[in-house]
Amino acid sequence: MIEQIKQHVKALLSDGKIFAFVGLKDQDGNVVPHLFYAAEDVDNGFSLGEVKDPGDSRYPISRIAMTVLAREPEKSFGVLVRGCDDRALNELLRWNQINGSDRVVRVGIACPQELANAHECRKPFPDDLIAGEKSQPVENATVSEVMSKDLGERLAYWTAEFNRCIKCYGCRDVCPVCFCNTCSLEEDKLIRTGDLPPENPIFHLTRAVHMAGRCIDCNLCTEACPADIPLRTLYKKVAQIVLDEFGYATGETGEGKSPLNILGPAPGHTSAND
Amino acid sequence: MKKLLEFSGIDPERLNLKWVSSAEGPRFAQVVGDFVEKIRALGPSPLGSSTAKSANAL
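In order, the protein sequences belong to chains H and A.
Going by numbering that gives the first Met the number 0, the first residue of the first sequence is number 0, and it counts up by one from there.
Going by numbering that gives the first Met the number 0, the first residue of the second sequence is number 0, and it counts up by one from there.
Pulled out of the complex, with its shape left as it was, chain H reads as follows (with noise of 0.2 angstroms):
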């Protein structure tokens, strides 16, 4: 599978049908976001995200493509995409965040089927697969699970997890589609500083009506969070909501604006990055 993307992307390079690719590099054994300028670069390093198993590095690539962009606003990018970047890049897009659909080339590949049942992957391959075998979706089992709950069992439940929040906004940090330049989390008037735990639950619950039409699934909040809370399994309610009540599926290609987006230009006019 590395040897058919190594191959797209030098061709693309030496096509000059991108300027750089945003991808992923194996250095001195870690796994960090890189910036790939010429084709003998891709000969150097070039990784999928694996130390020892698939996909264990993941990062939010589509959120450092939106920087590079922003940075050279004339130029075209190649972007290394999972099924999960692929819906990030579709709402960084929609939100105005990325200039120019065509100045993202999407490299896809499909994850395997241990990673997908992992992060119970809704989508695990973007919509263009240039290599691998696409795996199954996994259904959602977490949100029923914590329904099966009454009110009180729920209160109960999430005012431990929540109680565990170190308030290190590693959630926030890692997440490609938070792109805001100030933060509601950060405000004093509206969530208390200062204190540990943070004021709970309105600081979560925050955070998770600011993911409404925003969240794309990818699990990385999760997988950030030191003290192990399930934020994935509020956010994807949340998007549940956003389903039902906008007919809006987070992160799918198309036009128009997600539903909580009602000021600012049309996607693709202008951008407060650009």
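By construction, these hints were calculated from the structure, which means they are not laboratory data.
Virtual Cβ for every residue (Gly too), placed ideally from N, Cα, C.
All clues given are correct.
Distance condition first, Cα-Cα at most 16 angstroms in a straight line; then the derived EDC-like pairs of lysine to aspartate or glutamate:
| id | chain 1 | residue 1 | chain 2 | residue 2 |
| --- | --- | --- | --- | --- |
| 1 | A | K2 | H | E244 |
| 2 | H | K148 | A | D10 |
| 3 | A | K37 | A | E12 |
Examples of chain A residues lying across from chain H (beta carbon under 10 angstroms, computed):
| id | residue |
| --- | --- |
| 4 | M0 |
| 5 | F6 |
| 6 | S7 |
Far from chain A, some chain H residues (derived; all Cβ distances over 10 angstroms):
| id | residue |
| --- | --- |
| 7 | A38 |
| 8 | E71 |
| 9 | K74 |
| 10 | R121 |
| 11 | C167 |
| 12 | V173 |
| 13 | A223 |
Starting from the known structure of chain H, fit chain A onto it as the hints suggest.
This is chain A only, laid out in the frame that chain H set:
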């Protein structure tokens, strides 16, 4: 928002969203009065007893 509250174990009846125009003074008073009655009937919030911190905050 109500559905999210329900999911996190908070009675959605404790949240009330109503659109009231600035020209509708009596209606505003009515809406607030009704909601105060409702909250009184529901009693203190379970969040108050769940953690000492939120007890201070509420």
